[in-house]
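Undergrad: Chains F and H are the protein sequences, given in the same order.
Residue numbering for the first sequence follows this note's numbering, beginning at 126 and increasing consecutively.
Residue numbering for the second sequence follows this note's numbering, beginning at 44 and increasing consecutively.
FYI, nobody ran anything at the bench for these hints, they're computed from the structure.
Remember, it's a predicted structure, so these values are computed and weren't measured experimentally.
There could be a bad hint or two in this list.
[Claimed, not checked] Chain F side only, calculated, beta carbon under 8 angstroms to chain H, not exhaustive:
hint, residue
1, L166
2, I178
3, L182
4, V193
5, K198
6, F213
7, P215
8, L221
9, V225
10, F241
11, G429
Cβ atoms here follow ideal geometry from the backbone N, Cα and C, with glycine treated the same way.
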Amino acid sequence: VSPRAKKGTIATRSIGTDTALAKLARILEVEPSEVDFLADLRVESLRELRWEISDTLNAADAKRLAGVMAASKLVPIGVAATIGEKWFGPVLCARLVGLVDPGRGGQYVKHLSVPFMADITTRTDPRVVGDLVHELDLQTMQQIAATLLERGDHLTLSHFVGHLPASVVAAILEAIDDNAVVVRVARYVEELDHLDPVVALLPGARIVDLVHAVDDADLWVDALHLFSHLGDAQITRSATTIVRQDTEVVTAAIKAFDRHDLWEASLQLVDHLDPADIAAFADVLLVLDDDLIDAAVDVIDRIGAWPTLVRIALAADGLEEPERARLRTIVERLPTEQLAAFESAAAAAGHPALLTRVLSPRAH
Amino acid sequence: VSPTRPANPSADLDPADAERLAALVAEATARQSKALDDAIDGGMGHIPRLLRGPVKAVLFR
Chain F
126 VSPRAKKGTI
136 ATRSIGTDTA
146 LAKLARILEV
156 EPSEVDFLAD
166 LRVESLRELR
176 WEISDTLNAA
186 DAKRLAGVMA
196 ASKLVPIGVA
206 ATIGEKWFGP
216 VLCARLVGLV
226 DPGRGGQYVK
236 HLSVPFMADI
246 TTRTDPRVVG
256 DLVHELDLQT
266 MQQIAATLLE
276 RGDHLTLSHF
286 VGHLPASVVA
296 AILEAIDDNA
306 VVVRVARYVE
316 ELDHLDPVVA
326 LLPGARIVDL
336 VHAVDDADLW
346 VDALHLFSHL
356 GDAQITRSAT
366 TIVRQDTEVV
376 TAAIKAFDRH
386 DLWEASLQLV
396 DHLDPADIAA
406 FADVLLVLDD
416 DLIDAAVDVI
426 DRIGAWPTLV
436 RIALAADGLE
446 EPERARLRTI
456 VERLPTEQLA
466 AFESAAAAAG
476 HPALLTRVLS
486 PRAH
Chain H
44 VSPTRPANPS
54 ADLDPADAER
64 LAALVAEATA
74 RQSKALDDAI
84 DGGMGHIPRL
94 LRGPVKAVLF
104 R
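So that you can see chain F by itself, here it is in the shape it has in the complex (with noise of 0.2 angstroms):
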């Protein structure tokens, strides 16, 4: 099955899989490379493969790592963590958190640095972590994923986010100042029905400030791929945001689609749009080059999406002269089966007249 997604899509099976090799090299302890020979697989399988191997190497000294536990509670915490930090290390501690006790290891946190903590972290299986999250503070936890961001390690904090609390992950984010970094952690999430959520528990301004970081660095196909995996409050959420940007973020979101060939997922986002917002998004769509147009109108056409640009056309209706000039250059260019496709999905929609209104001028 070829790991590599389809032009036209939002590039979900070229992110994923990346993201389950270097997982999955990271287990191994092995650079991603030499994983390379598995990327034929499914993302599921990738993801399935890692955890059966997490499970074999955690049964592996399963009865020697109970006897370091119980040796740990032989001597001061304080010492048993010292030793921890000093003999054992980040790989053999990391097997270690899915057997401490979640009220012990809460003390063992306070004992440790936060750079060595970072990188137990890195190699811990988040699906032992269970109720230790809860031992530990916000302040170290943010600590922690700083120090990991700082290292450019997005990888390790988007392995969490499916496995801790909305509330933990949203809280860990207010630390971060950097939004790009955000977008970049949550690209990386395989459990992407987590971010829905933690994206719901974000403020307003924290939305506006990831579309800016997005526009800034140009992630637009993260962002879409993001989107495409939120529910419709969340999806709704967002893209009202981008349509109430500046101009230039609209025409840059706009462009980068086209640049992307995400036509497709961006139109969708449309539907989620109330009239107003709509009417903001055709002021810049009207705008651009009829070469951009005619990359939209041609997926509207592939796909069916003729309702979409009814609801275009709609929310553009109200425009005045000379937004409603350029409407209807870009109509009457419509090829004749366009132009039915347009009229027959106005009339489905209850507006049978409404292909006349947009190419009359607007009375005085």
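Fit chain H to the given chain F structure using the hints.
TA: The following block gives chain H in isolation, referenced to the frame of chain F:
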């Protein structure tokens, strides 16, 4: 088996790739085991000398 989880992901691999993956897993397991040996020996230095033998015998044999 959960319907959302592949029943046996290793089954998707051809024999050569399966063998290559098994070798990587074996190497990682051996590395981990060696690290554990070293860690136990190092950690024992923090246990009073008289107790080291009995502790090691009870906990790690």
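Undergrad: If a hint holds in the structure, say so; if it does not, say that too.
TA: A quick look at each hint next to the structure:
no.: 1; hint: L166; result: holds, 5 angstroms
no.: 2; hint: I178; result: holds, 6 angstroms
no.: 3; hint: L182; result: holds, 6 angstroms
no.: 4; hint: V193; result: holds, 7 angstroms
no.: 5; hint: K198; result: violated, 10 angstroms
no.: 6; hint: F213; result: holds, 4 angstroms
no.: 7; hint: P215; result: violated, 10 angstroms
no.: 8; hint: L221; result: violated, 10 angstroms
no.: 9; hint: V225; result: violated, 15 angstroms
no.: 10; hint: F241; result: violated, 14 angstroms
no.: 11; hint: G429; result: violated, 30 angstroms
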